[in-house]
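Trainee: Listed below are the residues making up each chain.
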Amino acid sequence: MAVPQLAPTPVKTPLPPAKIAIAGLFKTFATRTGPFTALDGIGLDIARGNFCTIVGPSGCGKTTLLRILAGLETATAGEVTIVADDPAKPLNAMVFQGESIFPWMTVWNNAAYGLKMRGAPRAHIREVVAHYLDRTGLAPFADRYPHQLSGGMKQRVSIARAFATDPEVLLMDEPFSALDEQNRTLLQEELLRIWDEAKKTVVFITHSVDEAVTLGDRIVVMTAHPGRIKAIVEVPFPRPRQVLGLRRDPAYGALVFRIWGDLRDEVDRARRQEAEIEP
Amino acid sequence: MTLSPGTRDRLIGLASPVVLLLLWEGCARLGWVDARFFPAPSRIAANFVKLASTGELWTNLSASLDRLFWGYLLGGIPALLLGLAMGLYRPIRALVDPLVAATYPIPKSAILPLMLLIFGLGEASKVAMVALGVFYPMIINTTAGVLEIDRIYLDVGKNFGAGRWQTFRTIALPGAAPLIMAGVKLGAGLGLVLIAIAEMVGAQSGIGYMIWNAWQLMAVDTMFVGLIVIALLGFAFNWALDEIERWLLPWKARG
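Chains A and B supply the protein sequences, listed in that same order. Using our numbering, the first residue of the first sequence is number 1, and each one after it goes up by one. Using our numbering, the first residue of the second sequence is number 1001, and each one after it goes up by one.
No lab work stands behind these hints: they were computed from the structure. Fair warning: there could be bad hints in the mix.
Here are the computed lysine-lysine pairs in the DSSO-like style, where the Cα-Cα straight-line distance is at most 27 Å [to be verified]: (1) B:K1158 - A:K199; (2) A:K89 - B:K1252; (3) A:K89 - A:K116; (4) B:K1158 - A:K200; (5) A:K116 - B:K1158; (6) A:K200 - A:K230; (7) A:K230 - A:K116.
These numbers come from a predicted model, not from an experiment.
Please model the entire structure based on the sequences and the hints provided.
Mentor: Here is the structure:
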């Protein structure tokens, strides 16, 4: 199985060792019509502090890949290693797609959830949660329940909850896909700002090429049926980035266009396959 | 004058029993119904006051409440724990579900002789009947409540390192709470039904006993007092449970 090798990136300093190493990853699901290969030999190294976005058509197994990284799913074959720099920290924290904050907890308790589960000292929880609620603009809503919040605010809580546990790796599964355009842009900006503070290693799944280019240091383009890596693209834009400023840059448009080219074949192919399957 | 729909509903809800009582009173006084079988509400009320002042009513009421309390506790808590376990763990569900499904349709009142056989004529058989009444709606609703929790919340718990007990406490219990509360309400009603039946057989106290005894003595006034007390109990339980629900589940959006 030919897995595209990573081209060495032209940077002055040598690449730090991989924070996440994925090798020969396969995932097959049993379905009524026989086994379905979701991931077909994924190999990928993600460097420490890298913001890696994964973009691909729906059904390309990107969510499955993330769930394996999160330990929520087991691989059929292959290996995933997340290097722990500090054994006291959780290996990963996930920002889920859709509504994942507990409706029965206040914003504050939701944001504190990971820390509480790990038995962090109260004073520490208070300090960290206050910090991230402040960063996400949620401080005035600390005592609200989720049904009193907008979709964008709910996703902010989810982000605060993940950052608060200070994980080795942050996993984000299309966290903004359910939001409207304005909210998405705002949250992208906030995410970049928070990320700039700690520069955590991030794996960010999206189906939006714009989002992948805006946020990522490196973009992994995936194919569907079976899920494979089609291309890996380095994003040259410097940080800190400004979401709207970036979009004015002609290089931004060129990059989006290029990735779209990679992706369009895949989307077309996926659509044809779906048409064949559907009666 | 315009009223909010809520106020209007409350007024209508208040008016319908009042109108019915007035109608009844009128019919009884005019002799349109046989006052031996349907004594006028005013006579029943007078008898209510009499039974309350002699203490007879309170003795019976407290006996029933005592049995209800222990029955709710002994039926409700195991049902809650078992229901949570059934919702969370498939093997437990596979083990217990057929038993529940097979025994649930048996009318609880039909089990009374068996209960008397097992627990005797004393307190235990009455408490057991109430416990039985509470157990089924509680276990069924709790299991359904846990199963209905969106899978994503369990993933969140797992991802953020929640252990077995923490998952129980922070996800399964609060997530299932709305349906559990519905089960508690159903169980409270069934408990009242069953305590009345159980106390009619071989009891020396309780509201059910009071009703049965009044029937045997043809003291129809007292019989109606017993019925009204049970109705009031049902109403009070429902109101109290609504308040508890509001307090326990502040996160439920209410229309």
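Trainee: Taking the hints in turn, state whether each one holds.
Mentor: Going through the hints against the structure:
Proposed proximity of K1158 of chain B and K199 of chain A is supported: the alpha carbons are some 25 Å apart, at most 27 Å. As the CA atoms of K89 of chain A and K1252 of chain B are separated by approximately 34 Å, the hinted pair breaks the 27 Å bound. With a C-alpha separation of about 13 Å, the suggested pair K89 of chain A and K116 of chain A falls inside the 27 Å cut-off, and the hint holds. As the CA atoms of K1158 of chain B and K200 of chain A are separated by approximately 21 Å, the hinted pair is consistent with the 27 Å bound.
For the hint linking K116 of chain A to K1158 of chain B, the alpha-carbon distance of about 13 Å falls within 27 Å, and the restraint holds. At most 27 Å may separate the alpha-carbon atoms for a hinted pair to count; K200 of chain A and K230 of chain A meet this at roughly 25 Å. The suggested pairing of K230 of chain A with K116 of chain A is violated, with an alpha-carbon distance near 40 Å, which exceeds 27 Å.
Hint compliance for this structure: hints 2, 7 are broken, all remaining hints hold.
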